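A.B. asks: Sequences listed follow chains D and V, in order.
Oh and the first sequence: position 71 is 71 in my numbering, straight run, nothing missing.
Oh and the second sequence: position 105 is 105 in my numbering, straight run, nothing missing.
Treat the hints as calculated values from the structure; they're not laboratory data.
Just so you know, these numbers come straight off a predicted model, no measurement behind them.
Wrong hints could be hidden among the right ones.
Some chain V residues close to chain D (C-beta under 10 angstroms, calculated; not the full set) [stated by the list, open to error]:
#1 Gly28
#2 Tyr35
#3 Lys40
#4 Phe42
#5 Leu43
#6 Ile45
#7 Asn50
#8 Ile55
#9 Ile56
#10 Lys71
#11 His73
#12 Ala92
#13 Gly103
#14 Ala104
Cut-off 30 angstroms, straight-line C-alpha distance, at most; resulting in silico cross-link-like pairs (DSS-like, lysine-lysine) [unchecked claim]:
#15 V:Lys71 <-> V:Lys41
#16 D:Lys52 <-> V:Lys41
#17 D:Lys98 <-> V:Lys36
#18 V:Lys9 <-> V:Lys52
#19 V:Lys44 <-> D:Lys98
#20 D:Lys56 <-> V:Lys71
#21 D:Lys60 <-> V:Lys44
Backbone N, C-alpha and C fix where the C-beta goes; we use that ideal spot for every residue, glycine too.
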Amino acid sequence: GDSVTQMEGPVTLSEEAFLTINCTYTATGYPSLFWYVQYPGEGLQLLLKATKADDKGSNKGFEATYRKETTSFHLEKGSVQVSDSAVYFCALSSNDYKLSFGAGTTVTVRA
Amino acid sequence: DTAVSQTPKYLVTQMGNDKSIKCEQNLGHDTMYWYKQDSKKFLKIMFSYNNKELIINETVPNRFSPKSPDKAHLNLHINSLELGDSAVYFCASSQRVGIQYFGAGTRLSVL
Chain D
1 GDSVTQMEGP VTLSEEAFLT INCTYTATGY PSLFWYVQYP GEGLQLLLKA
51 TKADDKGSNK GFEATYRKET TSFHLEKGSV QVSDSAVYFC ALSSNDYKLS
101 FGAGTTVTVR A
Chain V
1 DTAVSQTPKY LVTQMGNDKS IKCEQNLGHD TMYWYKQDSK KFLKIMFSYN
51 NKELIINETV PNRFSPKSPD KAHLNLHINS LELGDSAVYF CASSQRVGIQ
101 YFGAGTRLSV L
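In isolation and in its complexed conformation, chain V is listed as follows:
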């Protein structure tokens, strides 16, 4: 009964490939997020959707494209993967200011 679930948990791929990470929340929240956490644990917001509308779009290479088919899902597609894309990607959802619920993360390794 996971509130925010991401798949896959681990993703190992070659440079230049295209991959997607999926996120689903069953909390009924209106807002969802993608974060990138680097090896030093620094957390960076990438995107946010509110009711399927893009509301936060930070400085991120346009190889990264989010898609929200409905307010319970937010997927992240990455084209032409690079070594520097290796990180842990977290999905989160929120209904109240500042209170976010995070998924367990997807560890992406680009070889």
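Pulled out of the complex, with its shape left as it was, chain D reads as follows:
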């Protein structure tokens, strides 16, 4: 079945540091890939997506590229801010209805 593995946290960074969160997946066919973010006390919200190989999703300074050859979708941001402190979830969808989420990575950015 479909599954997502993302790097374990927690991750603690200083402001303006580079952030990368690794995500790899296992799926049949050609899934769509997503990153969701959950800020403290809130529900998840879509951060970015990519629907086919070599697509790059980007939003709020975050980027991730769909790599079919390595079955990966790593999240990166060049210069993080305190406001980026959140839990980040990698996810995939192979059909119309179900999202398979990774375990989540907690990121804390210190001023």
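Assemble the complex: chain D is given as a structure, and chain V must be docked to it using the hints.
C.D. replies: Same frame as chain D, but now just chain V:
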């Protein structure tokens, strides 16, 4: 003007009680979901309805029963609450593959 709203936000109750959580979406989406998030932030899909029809029914104790009176509402009823049911429950809705809109969550504490 909340897109996906859940009530209540907090629910504290005794073991053995029965409780309900309500969810409403004003996005016009056809598909709605219930997720359970544990203390380690792991997210588990429980149920999904598409146009009032149950389409995802994961391995969940049958003390949990979803009900969808119309496609804008999906409620979750829990009988005979147990300590292990303590978690944050999220409702979500979707119209496109993988793009889900989450409510703010209901934090359930069973004492």
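A.B. asks: Run every hint past the structure and note whether it holds.
C.D. replies: Against the structure, the hints:
For the restraint placing Gly28 of chain V at the interface with chain D, the shortest Cβ-Cβ distance is roughly 17 angstroms, beyond the 10 angstroms limit, so the hint is violated. Taking 10 angstroms as the C-beta contact cut-off toward chain D, the hint placing Tyr35 of chain V at the interface holds, the least distance being around 9 angstroms. The criterion of a C-beta within 10 angstroms of any C-beta in chain D is met by Lys40 of chain V, whose closest approach is roughly 8 angstroms, and the hint holds. Contact between Phe42 of chain V and chain D, as hinted, is supported at the beta carbon level, the nearest pair being about 6 angstroms apart and thus within 10 angstroms.
The beta carbon of Leu43 of chain V is positioned within 10 angstroms of a beta carbon in chain D (closest approach about 5 angstroms), and the interface hint is therefore held. The interface hint given for Ile45 of chain V holds, since its Cβ lies 7 angstroms from the closest Cβ of chain D, which is under the 10 angstroms cut-off. Because the closest C-beta pair between Asn50 of chain V and chain D is about 7 angstroms apart, less than 10 angstroms, the hint holds. The beta carbon of Ile55 of chain V is positioned within 10 angstroms of a beta carbon in chain D (closest approach about 6 angstroms), and the interface hint is therefore held.
Checking Ile56 of chain V against chain D: minimum C-beta separation of about 6 angstroms stays under 10 angstroms; hint holds. Hint on Lys71 of chain V is violated. Least Cβ distance to chain D is approximately 14 angstroms, over the 10 angstroms limit. Hint status for His73 of chain V: violated, given a least beta-carbon distance of 17 angstroms to chain D, over 10 angstroms. Hint on Ala92 of chain V holds. Least Cβ distance to chain D is approximately 8 angstroms, under the 10 angstroms limit.
Residue-level restraint check for Gly103 of chain V holds (minimum Cβ-Cβ distance to chain D is 5 angstroms; threshold 10 angstroms). Given the 10 angstroms rule on beta carbons, the hint for Ala104 of chain V holds: about 5 angstroms separates it from the nearest Cβ of chain D. Between Lys71 of chain V and Lys41 of chain V the alpha-carbon distance is near 28 angstroms, which keeps this suggested pair within the 30 angstroms criterion. For the hint pairing Lys52 of chain D with Lys41 of chain V, the CA-to-CA distance comes to about 28 angstroms; that is within 30 angstroms, so the pair holds.
Pair hint Lys98 of chain D plus Lys36 of chain V holds up; C-alpha atoms about 15 angstroms apart against a cutoff of 30 angstroms. The straight-line distance between the Cα atoms of Lys9 of chain V and Lys52 of chain V is roughly 24 angstroms, inside the 30 angstroms bound, and the hint therefore holds. Annotation: proposed proximity of Lys44 of chain V to Lys98 of chain D holds, straight-line Cα distance about 11 angstroms (limit 30 angstroms). Taken as a hint, the Lys56 of chain D and Lys71 of chain V pair is broken in the structure, with Cα atoms around 33 angstroms apart against an allowance of 30 angstroms.
Under the criterion of a C-alpha separation no larger than 30 angstroms, the hint pairing Lys60 of chain D with Lys44 of chain V is consistent with the structure, at around 27 angstroms.
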